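Asker: First to last, the sequence lines map onto chains A and V.
Note that the numbering used here numbers the first sequence so that position 78 is 78, with each residue one more than the last.
Note that the numbering used here numbers the second sequence so that position 44 is 44, with each residue one more than the last.
Incorrect hints may appear among the rest.
Quick list of the computed label-pair ranges, beta carbon to beta carbon [as the list claims (entries may be wrong)]:
1. S53(A) - P114(V): 44 to 52 Å
2. S7(V) - Q80(A): 32 to 40 Å
3. N62(V) - S73(A): 48 to 56 Å
4. Q80(A) - K70(V): 42 to 50 Å
5. G28(A) - E29(V): 39 to 47 Å
6. L39(A) - T20(V): 22 to 30 Å
7. P40(V) - S87(A): 15 to 23 Å
8. P114(V) - R81(A): 15 to 23 Å
9. Q69(V) - E68(A): 39 to 47 Å
10. Q69(V) - E14(A): 48 to 56 Å
11. S42(V) - S87(A): 15 to 23 Å
12. R22(A) - E15(V): 34 to 42 Å
13. R114(A) - L84(V): 23 to 31 Å
Residues from chain A that face chain V, not an exhaustive set, calculated with beta carbons under 10 Å [stated by the list, open to error]:
14. A2
15. G3
16. Y33
17. Q41
18. Q50
19. N52
20. F65
21. L91
22. A93
23. D97
24. N105
25. F109
26. G112
To be clear, the hints were calculated from the coordinates, so they are not data collected in a lab.
All figures in this text were calculated on a predicted structure; none of them were measured in a lab.
In this text, a Cβ means the ideal position worked out from N, Cα and C, and glycines have one as well.
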Amino acid sequence: GAGVSQSPSNKVTEKGKDVELRCDPISGHTALYWYRQSLGQGLEFLIYFQGNSAPDKSGLPSDRFSAERTGESVSTLTIQRTQQEDSAVYLCASSLDLLSGGAYNEQFFGPGTRLTVL
Amino acid sequence: AQTVTQSQPEMSVQEAETVTLSCTYDTSESDYYLFWYKQPPSRQMILVIRQEAYKQQNATENRFSVNFQKAAKSFSLKISDSQLGDAAMYFCAYRRDTGNQFYFGTGTSLTVIP
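Chain A extracted, bound-state conformation (with noise of 0.2 Å):
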């Protein structure tokens, strides 16, 4: 089956402009997160969705950033009013639930989308 995918794979924006980015999940995967990878930097967890509860939410930076799931499908993540600090590589990953996922339950990512700001 497919892995995770994410468009688009680069996006050049001006500042000010917003930007949509969107994870199409493995089939099936319940828990689908966003991650915000600056340069030479970690993975910065942004939002963490798993099924029909309420997403969390804790790691967006601001209210610019948003995130949408319909059902266990396609997420995306939105950028208001873009700014040069929000260049970096979002990363998106899934994983079964707790209860069907098995011990490990590892997180599967995509490729991530290259956001660059000018």
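Chain A is fixed; fit chain V onto it per the hints.
Answerer: The following block gives chain V in isolation, referenced to the frame of chain A:
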């Protein structure tokens, strides 16, 4: 809160030699899971190896093995017979037993010298 520390931002190893990447973590829990992920220049994160905290035996996957020291909260990755394709960023990660959220370290960039 759980924190994961990778104290080596960069490491290098000669091809065919062995290298060890360090990882320490902070937790008050007794059951949890630890992972090493590899991120090559393609950006695609790939799971390398994983370990359950209650298993005393160190996990191994071919040339990759871990040294899990639970009391010391240490989870180092050993790469034997290093190959050029091992060059990548390596991330250590922690997951609680009862939750789905992962906590990642800041990564170690591994260079393999021909």
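Asker: Check the structure against each numbered hint from earlier and tell me which ones fail, lowest number first.
Answerer: 3, 5, 8, 14, 19 and 20
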